[in-house]
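Q: Sequence:
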Amino acid sequence: MGVKIFLNGLLMGLAEIIPGISGGTVALILGIYERLIHAINSFDIVFIKHLKKREISQAWKKVDGPFISTLLIGMLFSIYFFSSLILLLIDTFPIGFKSFLSFILFFSVFLDPIRPRISKEFFIGIFLSFLLCLILYSSPAGNFEEVSLSYIFLSGLIAISALVIPGISGSFILLLMGTYQSMLLAVRNIDLLVLCLFLLGAIIGLFSITKLIKTALEKKRELLMSIFFGLIIFCIPLIWMNDSNLTNEKLNIIHIILGGIIALLIVLLFKDLGKSNVRSSQTYL
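The opening position of the sequence shown corresponds to residue 287 in my numbering, with each subsequent residue numbered one higher.
One should not assume that every hint holds.
Estimated spans, in silico, between C-beta atoms of each pair [what the hints assert, rightly or not]: (1) L420 to L479: 33 to 39 Å; (2) I548 to F413: 31 to 37 Å; (3) F413 to L551: 54 to 60 Å; (4) I543 to I490: 41 to 47 Å; (5) R403 to N538: 34 to 40 Å.
Below, in silico cross-link-like pairs of lysine to any residue (SDA-like), each with a Cα-Cα straight-line distance of 25 Å or less [said to hold, decoys possible]: (6) K347 to A488; (7) K348 to K505; (8) K348 to H324; (9) K348 to V332; (10) K500 to C419; (11) K557 to F408; (12) K339 to G351; (13) K335 to K497.
Note that these hints are calculated values from the structure, not bench results.
Every residue, glycine too, gets a C-beta built ideally from N, C-alpha and C.
Please put together the full structure from these sequences, using the hints given.
A: Written as structure tokens, this is what we have:
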């Protein structure tokens, strides 16, 4: 069980450092999305009361401690050890890598956790997600050589939304804000000041957005899931936006095909993990 959750964390961590795919998307595909939202929202006043009374075991159980801690360890491990590899792949195989990401998103919408029911809410959700992606398309990517510490905090506050909103990539948000490379360098060089400020912003943003998501899941579940479905579909072109490789060199068909095959294998892995995750997650909801 712990190994499986750790693997889920590894996959979510990888998604968080790849521009174009989000940890929220992976959590949704893996069937742990609602359990994750529930666990994050459990850090409330009751949790604090348990801590004040030194009821550590009750507090740990309330926030689904084994799940959230193992998932977080997997994510941090993935982000720290694979950030350099991701940069290398992006630079060395840009077309194949982006093809891989695009096919992962495309194949994933056919999986049960993401595929919504066709209804009025579905079309409203698709329209709203289209408008949001249109805003992202029209946003010029920032390219700031130096950013202030307050801006790093703001980046964490905004980019963390991708952890709980499928379809929106946190790395892509950082690209738009001009802090993507700065954060990868901070991770590589263990710049504690930058990392702590980013983490502080992320924590504040995370608890704010998850409360909204939890309320929406309870009251407007079909609409919310339709928005997620639309975001995943419409964000695929974001992966290719402003890509000089599309105009400066021939598309490598072999890389595209390989990217698609690897993506299909990964999505099949997601499907198998998702089935067991859904069964275990139902205990906590």
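Q: When you check the alpha-carbon spacing of K500 and C419, does it fall within 25 Å?
A: The hint holds at about 22 Å.
Q: Within 25 Å, alpha carbon to alpha carbon, are K339 and G351?
A: This hinted pair holds, its Cα atoms lying about 18 Å apart.
Q: For the hint 54 to 60 Å, verify it against the beta carbon of F413 and that of L551.
A: violated, 33 Å
Q: Would you mind confirming whether the straight-line C-alpha gap from K347 to A488 stays at or under 25 Å?
A: The given pair, whose Cα atoms are some 24 Å apart, holds under the 25 Å limit.
Q: Can you tell me whether the CB distance of I543 to I490 sits inside 41 to 47 Å?
A: Check passed, 43 Å falls within 41 to 47 Å.
Q: CA of K348 to CA of V332, is that 25 Å or under?
A: holds, 9 Å
Q: Could you see if the CB distance from R403 to N538 stays within 34 to 40 Å?
A: For R403 and N538 the Cβ distance comes to about 39 Å; the hint holds.
Q: So if I understand the rule, the pair passes when the alpha-carbon distance is 25 Å or less; does K348 with K505 pass?
A: With Cα atoms ~23 Å apart, K348 and K505 stay inside 25 Å; holds.
Q: Would you mind confirming whether the straight-line C-alpha gap from K557 to F408 stays at or under 25 Å?
A: holds, 23 Å
Q: Does K335 pair with K497 here, judged by a C-alpha cut-off of 25 Å?
A: holds, 19 Å
Q: Between L420 and L479, does the C-beta distance stay in 33 to 39 Å?
A: Holds - the Cβ-Cβ distance for L420 and L479, about 36 Å, lies within 33 to 39 Å.
Q: Just to be careful, I want the Cα atoms of K348 and H324 compared with a cutoff of 25 Å; is the pair within it?
A: holds, 10 Å
Of the numbered hints given earlier, the model fails hint 3 alone.
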